[in-house]
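Colleague: Sequence:
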Amino acid sequence: LQSVMRGTGVFGLSLCHVDAYSCHEVRTAFQLRQVGPVHRVPETPGVDVDLLLCKHQGLSCCTRKMEESYLIAVRRETLHNIQSYNYELEHLISGHADAFQGKSLLHSVPSPAGANVSVEAAVNQFYNNLFPLVYTQLINPGMDRELVWRNMGDCLRMIRQDVNPFGPHPAIMAQELVGALGAGKHLGLALAEGLEVLNATEQIIFSKECVKALVRMVYCSHCQGLTLIKPCDGFCLNVMRGCLASVSELDQPWRRYTTLLEQLTHAMANQHSMELALLGVRMHVSEALLYAQLHGPLLCVICSNYVLWPWPVDFLTYVRRSRSFFADLPELLCEGRMSYTSRVVGNGLHAQRQNPEVKVRTPDPGLAEVKDRLERFCQVCSILKSLAAKFQCAQFHPLFIPFQNFFFYVARVTHGQLQSLPVCHVDRAQG
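Following the working numbering, the numbering of the sequence shown begins with 1220 at its first residue and continues without gaps.
What the hints contain is simulated information worked out from the structure, not anything from laboratory work.
Any given hint might turn out to be false.
Stated by the list, open to error - With a cut-off of at most 16 Å between alpha-carbon atoms, the simulated EDC-like pairs for lysine to aspartate or glutamate come out as follows: (1) K1284 - D1269; (2) K1449 - E1296; (3) K1427 - E1415; (4) K1284 - E1262; (5) K1578 - E1428.
Produce the entire structure from the sequences given, and follow the hints as far as they go.
Modeller: Rendered as structure tokens:
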């Protein structure tokens, strides 16, 4: 009798030996899993005193060269497994980030160059540019438009806020957009931050101790001809929790992140809906122009309808399910069901001090940085959320720079519509 590895129970079998005449099954598995050049696998089992990881008494189908191939293959396979579990969550967040940044009205309009401006400044700039057009087309339709624009355009733009031809509507529109775009800005940033965290977990660098433990768990049984057996659950958990200790440290910040993402999504869908705010622009512009009839001809401006991207209903459901993603990842990667007699440790760096399978010496510096950044992001967003009522002069993140161009776009559309409207004169003696 001989155990498969370091005592009975690791692989659930205590009686196992290699076919004394062939390593055919081992060669087949080596080739199918693309571990390395198949010629490294001997035709028949032998004794290789140079084995470092998969030593055992008796004959073996493994060689030192095979161990080197196993070290490379197990690293590649484990990263692939992590990526496969990351994929659904990453695809969901990435899809919404792309829709949010690429398909919204903010990015579909022409984009002349412009610097970062506040919401109020963008709204004022739009109405400043609109005033000369209203003045020449509606208030004084008989004036030479080119002459006015050349000689009076700048002056009219400068005095627009003093003259206040559009009443309270510019200020009301700016106030509504401030709230909606404040939530929208942070939702866009949150989606991008989540993608960076998931991408970082796919770039994890496994320690030498981890890779050696993975080889013992996945491939050392092959040396004795057991190519189909899986490691028992407890053994696998210890190995994976040791290898993913730094990843598990993301658990608490990620839980706070998903809560924040849920809150921002609700804000976008309810009182701070960007769609509703942008659709309201049409109403505010129309009412502002109607207000201007007190100073000129009657007009009715209808802004173009906007085609806005939908927010799938199942997004929040999946976000809620992903709260414990990093804590559950080791379990997701383990499928064993056999008994295991050693202690099974928990998640996180601190718990790995008692790990009998993997010695974790230092945290992964890349993931430690990601954890710190995610914690700072959640902290800052929480503070900004508490100050949401004070977003009166919120500055745009570069994600929202194209919003200011929306007003230039509306101005051009409005210009064309005003040219096609019938001109109605007001009797100033009665008005």
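Colleague: Taking the hints in turn, state whether each one holds.
Modeller: Against the structure, the hints come out as follows:
1. K1284 - D1269: Given pair K1284, D1269 holds - Cα atoms ~10 Å apart, limit 16 Å.
2. K1449 - E1296: Distance of about 15 Å is within 16 Å: holds.
3. K1427 - E1415: Violated, at roughly 25 Å.
4. K1284 - E1262: Within the cut-off at roughly 14 Å; holds.
5. K1578 - E1428: 6 Å, holds
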